[in-house]
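Student: Chains as they are written, first to last, in our numbering: chain A, 1 to 193; chain B, 1 to 295.
Hints are computed from structural coordinates only; laboratory data are not their basis.
There may be inaccurate statements among the hints.
Unchecked claim - Result set (DSBU-like, lysine-lysine): computed pairs, CA atoms no more than 35 Å apart in a straight line:
hint	chain 1	residue 1	chain 2	residue 2
1	A	LYS143	B	LYS252
2	A	LYS70	B	LYS252
3	B	LYS252	A	LYS184
4	B	LYS66	B	LYS82
5	B	LYS66	A	LYS143
6	A	LYS50	B	LYS253
7	B	LYS82	A	LYS143
8	B	LYS82	A	LYS184
9	B	LYS252	A	LYS19
10	A	LYS143	A	LYS50
11	A	LYS116	B	LYS82
12	A	LYS70	A	LYS184
13	B	LYS82	A	LYS79
14	A	LYS143	B	LYS253
15	B	LYS253	A	LYS116
16	A	LYS95	A	LYS79
17	A	LYS50	A	LYS19
18	B	LYS66	B	LYS29
19	B	LYS82	A	LYS95
20	B	LYS252	A	LYS95
21	A	LYS70	B	LYS253
22	B	LYS252	A	LYS116
23	A	LYS95	B	LYS253
24	B	LYS196	A	LYS95
25	A	LYS184	A	LYS19
26	B	LYS252	A	LYS50
27	B	LYS196	A	LYS143
28	A	LYS95	B	LYS210
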Amino acid sequence: MPIRTSPRGACERAAEYMKAVDHMRDGSNAVISGLLDQAESVLGSSVNMKRVGNLGAGSIAEGFEPVAMKRLIDGGSAKLPRSITRADIEAFGKKLDVSSVPGVSTATIEADCLLKDGTFLDMKHSRTADPFVSAQQVENLKKVLAFDPRPIQRAWFVTNGPVDPSVLEKIRQANEFLGEDLIKVIDDIGDFQ
Amino acid sequence: MRLQGEDLKHCLPANPSVFFPLSGELKRKAFERIMGVLDRQAGRRDTTATAAEHWSALEERNTGSKRWDRLVARYSGPTESKEDGIRQRASFHNVGNVLAQRPYTAHTVEGIQYVVDLFNPANELEMPYAGAGETVVALLLRELEFGTVQYRLVQNAPFYRIVREIAEILEPECVRGTYSMFPILVAYLEGRLNPKRPWELLFPLSVLTKPAALAPSADLSTCRTTNDSLALLWPMLASPRFRGLPLARLFKKVEVWDENRILVQVWNGLESVLRDEYGEAARTLGMSAVQELVA
Numbered sequence: 001m002p003i004r005t006s007p008r009g010a011c012e013r014a015a016e017y018m019k020a021v022d023h024m025r026d027g028s029n030a031v032i033s034g035l036l037d038q039a040e041s042v043l044g045s046s047v048n049m050k051r052v053g054n055l056g057a058g059s060i061a062e063g064f065e066p067v068a069m070k071r072l073i074d075g076g077s078a079k080l081p082r083s084i085t086r087a088d089i090e091a092f093g094k095k096l097d098v099s100s101v102p103g104v105s106t107a108t109i110e111a112d113c114l115l116k117d118g119t120f121l122d123m124k125h126s127r128t129a130d131p132f133v134s135a136q137q138v139e140n141l142k143k144v145l146a147f148d149p150r151p152i153q154r155a156w157f158v159t160n161g162p163v164d165p166s167v168l169e170k171i172r173q174a175n176e177f178l179g180e181d182l183i184k185v186i187d188d189i190g191d192f193q
Numbered sequence: 001m002r003l004q005g006e007d008l009k010h011c012l013p014a015n016p017s018v019f020f021p022l023s024g025e026l027k028r029k030a031f032e033r034i035m036g037v038l039d040r041q042a043g044r045r046d047t048t049a050t051a052a053e054h055w056s057a058l059e060e061r062n063t064g065s066k067r068w069d070r071l072v073a074r075y076s077g078p079t080e081s082k083e084d085g086i087r088q089r090a091s092f093h094n095v096g097n098v099l100a101q102r103p104y105t106a107h108t109v110e111g112i113q114y115v116v117d118l119f120n121p122a123n124e125l126e127m128p129y130a131g132a133g134e135t136v137v138a139l140l141l142r143e144l145e146f147g148t149v150q151y152r153l154v155q156n157a158p159f160y161r162i163v164r165e166i167a168e169i170l171e172p173e174c175v176r177g178t179y180s181m182f183p184i185l186v187a188y189l190e191g192r193l194n195p196k197r198p199w200e201l202l203f204p205l206s207v208l209t210k211p212a213a214l215a216p217s218a219d220l221s222t223c224r225t226t227n228d229s230l231a232l233l234w235p236m237l238a239s240p241r242f243r244g245l246p247l248a249r250l251f252k253k254v255e256v257w258d259e260n261r262i263l264v265q266v267w268n269g270l271e272s273v274l275r276d277e278y279g280e281a282a283r284t285l286g287m288s289a290v291q292e293l294v295a
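Work the whole structure out from these sequences, hints included.
Tutor: So this is what it looks like as structure tokens:
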């Protein structure tokens, strides 16, 4: 019987993921909602570990979400606007109703991680190219953040590497419209290979 | 041609709100008593408008002739510069702009600004649901610090006192609170909700009314209607020991108002977050959740 060997780095990656998930516990020591416990429903929330375990397309990007949060909590970024702790985390993988926001092209947006102060985090990971942030995503976030009352306070894209300069320009334009830097890119937490 | 899409968004109040559907008209005396509740809780008013001016504006609004798009045009200009952003924000149907356009009073209590308005008077939103155009008093909620209404409402004791006192004055058919009515209205326009009235749904905040008695032989597995589910669960909801029961995990707040009415709130506030808990709580009560309509 042939012995299957893991790709180089896979064990380290899996270990970092498991440590990150184990770290994400709330005040009652339960793993924070969205990583393990979220049942699939008509509301469409995803279960992080289930999607990682499928080993399908995007499973590494899914695993990147708690890993990226752990790295941010551990002070792994110089671009983070303020320090954060796990107590700041509201949930992982939650959809938000933005259907009433003028001009938005979708009824919901999904926060890979949502902080209690209304910070919306979208994790972007790619093994083969620049992490991809679409112009439409930036445009939708711009409209959501321009709305009053705001369903979220700010949005951070957290990536495993630099994003395309055209996306950065789109974000700069969005922030100009918003009147402050509400959309940020945090791209210095390292790779997840 | 019905009001829909971006035009509907523009005409619909943008702030989270609590609704009080009435069986008759809103009377001036009741409105003045509501003003009294808010005056007492807030200590002072935020605006220079008088209660009489506010009442006159509501009477005019009740005719359906003062829909938001007749006061403020929907912004369709460029969205590039900071000045564009300021112009767009001035067009939103939110509490700040409502106070600039209508002679309403406003009161602030513990980080929430309260404004009394009407929801869909004279069916100004051109909705096809049963009862559209009935008198529904809307208590608009503006959070002065992010999260006060969306994430931390459950900690705001004055809010629950105000809602209860207003309900005692108005004696509404029910009380419902939500982040946005838009998903419900879209569901009607798309034919996904007929023939239910909006108030038959489980809102993030709902005051439930004691149902008719359940047949003695019925159990939860045979419950097919909201009435039967509620009749079975009512003794548990009303129990002083409710917090120790398994059902308690479905609600962040349960407040027994009297033997016929119980306020339930599924999560901490009136929020945009779509949590599975809303659907789970609704199914337990034999209802459907507002959040399940977002599509």
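Student: Determine for every hint whether it applies to the structure shown.
Tutor: Each hint tested on the structure:
1. A:LYS143 / B:LYS252: 31 Å, holds
2. A:LYS70 / B:LYS252: 29 Å, holds
3. B:LYS252 / A:LYS184: 33 Å, holds
4. B:LYS66 / B:LYS82: OK: LYS66 (chain B) and LYS82 (chain B) at ~30 Å, within 35 Å.
5. B:LYS66 / A:LYS143: Status holds; Cα separation ~27 Å.
6. A:LYS50 / B:LYS253: 31 Å, holds
7. B:LYS82 / A:LYS143: 13 Å, holds
8. B:LYS82 / A:LYS184: 17 Å, holds
9. B:LYS252 / A:LYS19: Given that 35 Å is the threshold and the Cα spacing comes to 30 Å, the pair holds.
10. A:LYS143 / A:LYS50: 32 Å, holds
11. A:LYS116 / B:LYS82: Status holds; Cα separation ~27 Å.
12. A:LYS70 / A:LYS184: 18 Å, holds
13. B:LYS82 / A:LYS79: With a Cα-Cα distance of about 24 Å, the restraint between LYS82 (chain B) and LYS79 (chain A) holds, given a limit of 35 Å.
14. A:LYS143 / B:LYS253: Within the cut-off at roughly 33 Å; holds.
15. B:LYS253 / A:LYS116: The hint holds at about 19 Å.
16. A:LYS95 / A:LYS79: 26 Å, holds
17. A:LYS50 / A:LYS19: 16 Å, holds
18. B:LYS66 / B:LYS29: 23 Å, holds
19. B:LYS82 / A:LYS95: 29 Å, holds
20. B:LYS252 / A:LYS95: 20 Å, holds
21. A:LYS70 / B:LYS253: Holds. LYS70 (chain A) to LYS253 (chain B) sits at ~32 Å (cutoff 35 Å).
22. B:LYS252 / A:LYS116: It holds: about 17 Å lies between the C-alpha atoms, which stays within 35 Å.
23. A:LYS95 / B:LYS253: Holds: LYS95 (chain A) and LYS253 (chain B) sit about 23 Å apart, inside 35 Å.
24. B:LYS196 / A:LYS95: Status holds; Cα separation ~26 Å.
25. A:LYS184 / A:LYS19: 27 Å, holds
26. B:LYS252 / A:LYS50: 27 Å, holds
27. B:LYS196 / A:LYS143: 32 Å, holds
28. A:LYS95 / B:LYS210: 33 Å, holds
Consistency note: the structure conflicts with none of the earlier hints.
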